[in-house]
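Let the hints inform the model, and build the full structure from the sequences given.
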Amino acid sequence: MPSLVDILFLSAGYNTALVCIGAALLGAASGAVGVFVLLRKRTLVSDAISHSTLPGVALAFIVGELFFGVGRSLPVLLVGAALSAGIGVLAVDWIRSHTRLTEDTAIGTVLSTFFALGMVLLTVIQSMSVAGRAGLEGFLLGATSGMTYSEAMIIAIAAVVVGFALLLRIKEFTILCFDEGFAAASGYNVTMLDRTLLLLLLAVVVIGLKTVGLVLIIALAIIPPVAARFWSERVPVVVALSAAIGAVGSYLGAAISASAPDMPTGGIIVLVLFSFFVVSLIGSPVRGLLAAYLRHRRFQGQVHMRQGLLSIAHDEPILEPVTRKLLVKARFMEGDGRVTPTGYAQARVIARDQALWNLYKQEEPDEAATVQEWSLKLIQEVLPPDTVKSLENKLGARVIPVGV
Amino acid sequence: MAAQDNYNLQQNEGGSVQAETAWKDSPFHVSGLTVAYHHKPVLWNVTYTAPKGELIGIIGPNGAGKSTFLKAALGLIPKLSGETTVFGKPVRKMMDKVAYVPQRNAVDWDFPATAVDVVMMGLYAKVGWFRWLGRRQRQEALKSLEAVGMTAFADRQIGQLSGGQQQRVFLARALAQDADVYLMDEPFAGVDAATEKAIIEVLRTLVKRGKTILVVHHDLESVTQYYSHVLLINGQHIASGPTAEAFTAENLQKAYGGRLASTQLEGLQSSAKEQE
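First to last, the protein sequences are chains A and B. Note that the first sequence covers residues 0 to 403 in numbering that gives the first Met the number 0. Note that the second sequence covers residues 0 to 275 in numbering that gives the first Met the number 0.
Don't read these hints as lab results, they were simulated from the structure. Positions of the beta carbon are idealized from the N, C-alpha and C atoms, including for glycine. Be careful, since some hints might not be right.
Stated by the list, open to error - No more than 27 angstroms apart at the CA atoms, straight line, and that leaves these computed lysine-lysine pairs for DSS-like:
#: 1; chain 1: B; residue 1: K92; chain 2: B; residue 2: K51
#: 2; chain 1: B; residue 1: K23; chain 2: B; residue 2: K142
#: 3; chain 1: B; residue 1: K196; chain 2: B; residue 2: K92
#: 4; chain 1: B; residue 1: K92; chain 2: A; residue 2: K388
#: 5; chain 1: B; residue 1: K23; chain 2: A; residue 2: K40
#: 6; chain 1: B; residue 1: K78; chain 2: A; residue 2: K376
#: 7; chain 1: B; residue 1: K196; chain 2: A; residue 2: K388
#: 8; chain 1: B; residue 1: K125; chain 2: B; residue 2: K207
#: 9; chain 1: B; residue 1: K196; chain 2: B; residue 2: K39
#: 10; chain 1: A; residue 1: K328; chain 2: A; residue 2: K376
#: 11; chain 1: B; residue 1: K196; chain 2: A; residue 2: K393
#: 12; chain 1: B; residue 1: K96; chain 2: B; residue 2: K253
#: 13; chain 1: B; residue 1: K78; chain 2: B; residue 2: K39
#: 14; chain 1: B; residue 1: K142; chain 2: B; residue 2: K196
#: 15; chain 1: B; residue 1: K207; chain 2: B; residue 2: K253
#: 16; chain 1: B; residue 1: K142; chain 2: B; residue 2: K88
#: 17; chain 1: A; residue 1: K360; chain 2: B; residue 2: K88
#: 18; chain 1: B; residue 1: K78; chain 2: B; residue 2: K88
As the list claims (entries may be wrong) - Residues from chain A that face chain B, not an exhaustive set, calculated with beta carbons under 8 angstroms:
#: 19; residue: E136
#: 20; residue: E366
#: 21; residue: V370
Take a look at the structure:
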């Protein structure tokens with residue numbers, strides 16, 4: 000058995016190295032495709048796709064084995080998988096557009112029916128007296144241990160093709176996911192774009208069957224995009240990060256599972272990806288929980304600071320210890336509670352700003368309700384100059400007398 | 000109902016000679032548009048010829064099919080019948096001449112994009128496949144943002160913008176498209192007065208440059224002030240033409256039925272007269 004270190008640095012034999020690289024490319028492709036599936040809010044479709052592959056795999060095996068003697072060939076099995084998954088997706092689409100059922104209902108129905116059919120067919124195969132039937136169970140949970148050089152090569156090449164196809168239409172997918180109506184009015188064929196996206200998703204699922212298995216392949220299309228989304232507010236960056244997370248996670252997962260016998264590749268990959276997700280969820284400075292908590296603390300501080308300064312402006316006592324502490328720290332107040340000259344100056348600024356904000360809320364209640372920084376920042380930092388100007392004009396040159 | 004049918008007949012007879020030639024030059028002509036949701040007709044046989052270089056308000060009560068009219072005319076939602084032409088050619092071949100501004104709540108504003116990213120979407124159709132947009136497109140997008148007073152917010156994530164700011168971004172995206180016809184679905188819904196003023200000013204500049212603009216509009220008070228032409232619909236075509244002629248108490252009564260008090264109608268009509 001090669002050690003994990005050997006595998007990680009691709010020195011555990013040509014075959015293992017190629018399996019790991021194939022897994023990495025697969026992870027990159029599904030991570031990138033997954034971003035758009037996520038933004039289109041259709042992540043569950045991948046579950047319908049993966050479960051509908053099973054009857055196709057089983058039928059391809061039966062037909063290939065009985066008539067041509069090639070039942071175990073990966074390309075044959077994958078073509079079968081793709082065909083039945085395609086039928087599954089079309090069934091979901093048909094139910095959604097021709098009945099009043101929602102997409103999740105359609106997915107649930109199709110997914111379970113196809114999977115049931117697949118399980119029955121697998122039992123049929125077990126009762127057939129043909130050699131080599133053992134390979135099919137690998138499609139359920141993924142197994143890279145017995146993977147041959149050519150199989151790994153097929154997976155790697157297919158993943159590269161899918162990734163390239165996605166790059167070709169990245170603008171179109173972006174516009175489709177953000178604003179379908181606008182995309183259609185710009186002359187894009189929205190139906191075709193949606194089908195193309197599903198086709199790419201289907202391709203990723205099918206080529207990932209052998210490595211990750213159909214039960215868990217959905218994770219490869221969901222977890223990397225969700226993790227990447229925590230780190231950026233730009234589509235191209237999210238796509239790049241998601242591809243990177245998918246690649247590294249799948250590579251590590253495949254390597255770890257190759258370091259010991261009978262390790263389920265799919266399961267390991269998903270667990271590694273999940274660890275990336277947890278790190279992103281907590282640690283991302285953009286949308287992570289920790290950053291959100293710190294932002295909330297800062298927000299609370301801003302509220303206290305403004306209320307303190309307004310109290311100074313209105314000559315009211317400041318009783319809350321937190322507010323006093325913040326004012327003292329900003330040198331707006333001495334430790335004994337006397338307000339400093341800079342404190343009075345700042346209070347004047349804030350009182351005027353608050354008057355503008357209040358006027359804004361009074362004049363435009365609907366609009367003011369959607370402003371997130373309402374009366375937390377200076378109004379000119381939040382609202383466009385023309386809006387501020389019209390408010391200034393309405394308020395006039397009235398200066399709030401403070402600390403005289 | 001009988002009175003309404005009569006009215007439609009009169010319209011067809013009176014306008015037929017003129018309409019036969021006018022539609023070919025019209026920047027936006029819709030004929031016989033009928034739309035139904037689950038067998039329930041929402042729009043019934045609506046024909047309208049938009050005059051070039053005008054700011055046109057589409058007016059009607061809630062559920063009158065104003066937004067549906069725009070969407071179905073553009074082919075964004077299925078229709079039962081009807082044809083739309085832009086300068087005499089089928090609209091699907093003229094999409095680059097048309098800029099559509101959807102309702103603000105039609106999109107998920109938590110989408111990973113900045114204001115300038117969204118405006119650049121207006122330029123996608125001009126850039127070929129497999130080419131990301133470069134510095135030149137960004138400059139172009141920034142110019143559009145400047146026109147709506149949003150330069151300072153170019154790199155903000157769109158979810159952090161206020162409703163009025165989001166609407167301005169949408170308008171900037173339409174400007175970037177540099178179209179001949181602008182179709183706007185309730186651009187003034189839930190925006191502040193300053194934004195409303197900024198938007199209407201931009202629209203007036205566009206009209207001066209010969210562009211045609213159709214706006215789904217809710218607020219009856221500002222109709223005479225904003226629009227040179229109106230299209231009144233309530234499931235059907237009620238009236239259309241220059242605001243002074245078509246935006247009458249009689250037509251409003253037809254469009255809104257009992258939903259408008261007669262005092263309200265008189266007020267609107269007298270303000271229309273002042274405008275003349």
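Evaluation of the provided hints:
1. Distance restraint check for K92 (chain B) and K51 (chain B): the Cα-Cα separation of roughly 19 angstroms lies within the 27 angstroms cut-off, and the hinted pair is therefore satisfied.
2. Distance check on the hinted pair: K23 (chain B) and K142 (chain B) sit about 33 angstroms apart at the alpha-carbon level, beyond 27 angstroms; violated.
3. A C-alpha spacing of about 33 angstroms is found between K196 (chain B) and K92 (chain B), which places the hinted pair above 27 angstroms, so the restraint is violated.
4. Of the supplied pair hints, the one linking K92 (chain B) and K388 (chain A) is violated, its CA atoms being roughly 44 angstroms apart against a limit of 27 angstroms.
5. Using a Cα cut-off of 27 angstroms, the hinted pair K23 (chain B) and K40 (chain A) is violated, with the two alpha carbons roughly 42 angstroms apart.
6. This hinted pair does not check out: K78 (chain B) and K376 (chain A) have alpha carbons roughly 48 angstroms apart, beyond 27 angstroms.
7. For a cut-off of 27 angstroms, the pair hint linking K196 (chain B) to K388 (chain A) stands: about 13 angstroms separates their Cα positions.
8. For the given pair, K125 (chain B) sits about 25 angstroms from K207 (chain B) by alpha-carbon distance, which is consistent with the 27 angstroms threshold.
9. The straight-line distance between the Cα atoms of K196 (chain B) and K39 (chain B) is roughly 37 angstroms, outside the 27 angstroms bound, and the hint therefore fails.
10. Only pairs whose Cα atoms come within 27 angstroms are accepted, and K328 (chain A) paired with K376 (chain A) is accepted, the gap being roughly 19 angstroms.
11. The hinted pair formed by K196 (chain B) and K393 (chain A) meets the criterion: a straight-line CA distance of about 16 angstroms does not exceed 27 angstroms.
12. With a C-alpha separation of about 34 angstroms, the suggested pairing of K96 (chain B) with K253 (chain B) is violated against the 27 angstroms cut-off.
13. Among the hinted pairs, K78 (chain B) with K39 (chain B) is consistent with the structure: their alpha-carbon atoms are about 12 angstroms apart, no more than 27 angstroms.
14. Restraint check: the Cα-Cα separation between K142 (chain B) and K196 (chain B) comes to about 19 angstroms, which is no more than 27 angstroms; the hinted pair holds.
15. At roughly 32 angstroms between alpha-carbon atoms, K207 (chain B) and K253 (chain B) are farther apart than 27 angstroms, so this suggested pair is violated.
16. This hinted pair does not check out: K142 (chain B) and K88 (chain B) have alpha carbons roughly 31 angstroms apart, beyond 27 angstroms.
17. Only pairs whose Cα atoms come within 27 angstroms are accepted, and K360 (chain A) paired with K88 (chain B) is rejected, the gap being roughly 48 angstroms.
18. Between K78 (chain B) and K88 (chain B), the direct Cα distance comes to roughly 19 angstroms. Compliance with the 27 angstroms bound is thereby established for this hinted pair.
19. A distance limit of 8 angstroms between C-beta atoms decides the matter here; for E136 (chain A) the minimum to chain B is near 39 angstroms, and the interface restraint is violated.
20. Among the interface hints, the one on E366 (chain A) holds; its C-beta lies about 4 angstroms from the nearest C-beta in chain B, closer than the 8 angstroms criterion.
21. Evaluation of the V370 (chain A) hint against chain B yields a held restraint, the C-beta minimum of about 5 angstroms falling below 8 angstroms.
Violated hints, in rising order: 2, 3, 4, 5, 6, 9, 12, 15, 16, 17 and 19; the structure is consistent with all others.
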